[in-house]
Amino acid sequence: MKAMRSLYPMATLGVIVLIWGLSVWAFDVPAFVLPSPLAVGKAIVNNAAILIPALRYTLIEVVIGFTLSVLVGGAIAVAIVSSELLDRSVYPLLVALQIVPKVAIAPLFAIWFGFGMMPKVLMAFLIAFFPMVINTAMGLRGIEVSKLQLARSMGASKLQTFFKIRLPHAMPSIFTGLKLSITSAMIGAIVGEFIGSDEGVGRVLLIANGNLQTDLMFAAVVLLSLAGVILFLAIEAIERVVLHWHVSQRSRDMVVA
Amino acid sequence: MSDRSFIEIEDVSKRYRGADGLLAVENVTTNFARGEFISILGPSGCGKSTLMQMLAGLTPRSSGRIAIGGRDVKRAQTDLGIVFQDTNLLDWRTVLKNVMLQIEVRKLDHAVYLERARNLLAMVGLEGFEEKLPHQLSGGMKQRVAICRALIHDPPLLLMDEPFGALDALTRDQLNVDLQDIWLESRKTVVFVTHSISEAVFLSDRVLVMSPRPATVAADIRIDLPRRRPISVRETPAFGAYVSQIRNMFEEWGVLRRDAEAPALRLAAGGKQ
Chain R
1 MKAMRSLYPM ATLGVIVLIW GLSVWAFDVP AFVLPSPLAV GKAIVNNAAI
51 LIPALRYTLI EVVIGFTLSV LVGGAIAVAI VSSELLDRSV YPLLVALQIV
101 PKVAIAPLFA IWFGFGMMPK VLMAFLIAFF PMVINTAMGL RGIEVSKLQL
151 ARSMGASKLQ TFFKIRLPHA MPSIFTGLKL SITSAMIGAI VGEFIGSDEG
201 VGRVLLIANG NLQTDLMFAA VVLLSLAGVI LFLAIEAIER VVLHWHVSQR
251 SRDMVVA
Chain Z
258 MSDRSFIEIE DVSKRYRGAD GLLAVENVTT NFARGEFISI LGPSGCGKST
308 LMQMLAGLTP RSSGRIAIGG RDVKRAQTDL GIVFQDTNLL DWRTVLKNVM
358 LQIEVRKLDH AVYLERARNL LAMVGLEGFE EKLPHQLSGG MKQRVAICRA
408 LIHDPPLLLM DEPFGALDAL TRDQLNVDLQ DIWLESRKTV VFVTHSISEA
458 VFLSDRVLVM SPRPATVAAD IRIDLPRRRP ISVRETPAFG AYVSQIRNMF
508 EEWGVLRRDA EAPALRLAAG GKQ
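Sequences listed follow chains R and Z, in order. The first sequence begins at 1 in the numbering used here and counts up by one. The second sequence begins at 258 in the numbering used here and counts up by one.
No lab work stands behind these hints, which were simulated from the structure alone. Predicted, not measured: the structure shown is a model, and the values here were computed from it. Even glycine gets a Cβ: it sits at the ideal position worked out from N, Cα and C. Honestly, I wouldn't trust all of these hints.
Claimed, not checked - Short derived list, chain R residues pointing at chain Z, Cβ under 7 Å:
| hint | residue |
| --- | --- |
| 1 | S89 |
| 2 | K147 |
| 3 | M154 |
| 4 | P168 |
Generate the whole structure from the sequences, applying the supplied hints.
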């Protein structure tokens, strides 16, 4: 049943690739404008020696940036939910920060932190951090008053209330944050690499662009997308296990007792 | 403290802070005896739930005194069980684990109470549902689980805030009967908030009829019907007399219209009987 489900998007993807390939062939599109899927596949194989280390480098940036955004974002969300003072003083600034186009800050990071991994990780973190904070805070806040009253009537401590009621209740929202955050971290890392980098997929893209190696650009994008999808699916897999009780995880044909 | 005054409520008022300073409860004075089943009956929004919240120490009172077992209620009371209208079951916990939440939070002996939890669930007809998740249960079943959770630690006092308000009429009748059986077996003090006249009369030893807001005790009616009351007791003249006595009060306040004015509407409002 589960394998069947993933067949549908795969089939759709197959049709799209087929149309792409046929169009390139039928309209005789020059390879530097749009290479055929086959050419892209070849480019991946031929440039594996460049692409794989680059992808590895970028993914390390993504994972570190993402992890930071989860830790820091989660901690800030807990802080603003548990303190009215922080809620009033920090939360509006966070929203303001979100309005600042962070891509515009990237060159600044290059000036401050050079061309190593650090500014890219920071960029990934900065972009991924906001969805994490907002979704975690929303989930923690969205608890019904009567559930908190129930906890009080049981004599639950603050920690007990947090870990037994608030946090599990916030999990669906937190996973939404995680999924938004991982995709944002990907964008952040690439943007960081575009500004200036010695390594990473962003650098490969820039060089390929300069040389009009469109097939290599496509190859980089395809690998990047694949890695992104795998990261996203990994989080979804964890979500399915953790949130097996949640309405979002019930299959359509499930019979309610 | 005598048994007659297990719960003492003296001149209690509640005014909500804010621009309009809404007065929800005004000068309520009453006593509940240990083991008594008391209904607080009133029209919707009259402040009866607020009174229960103050009793549980979940909402501070503006003035007056409330004591349970001789001790002043100053903060959230923990020596009780509460059943809310929203069942408040935790969706991620199984039925059994929802009931055992009390035991975990209170750090009581898990093994001892696990047995008790199973027995309680069996008593309300949920044997075999222990490992189900709340979303797999009907509304009535969920409320039974909530009742078990409120009783698992064997508190002397059970507070119920319109627990059956969201259920269909048949399920509600069944739960009324079941609740009576639970009460007859355990003889806990129960304070039951409802806006259904027949539910209050059927279940209670005493019905406190609250006036529209601000809530005051308009009548304190002792229900002298023999226990165990079958559901058919509602067709007896004695039962009908209690119901019409209370309904007359509602009609006088304009909460219910009199028969002659709008019979169709009266049927809708009294339909829960």
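These are the hints, each one checked on the structure:
{"no.": "1", "hint": "S89", "in the structure": "24 Å, violated"}
{"no.": "2", "hint": "K147", "in the structure": "5 Å, holds"}
{"no.": "3", "hint": "M154", "in the structure": "4 Å, holds"}
{"no.": "4", "hint": "P168", "in the structure": "5 Å, holds"}
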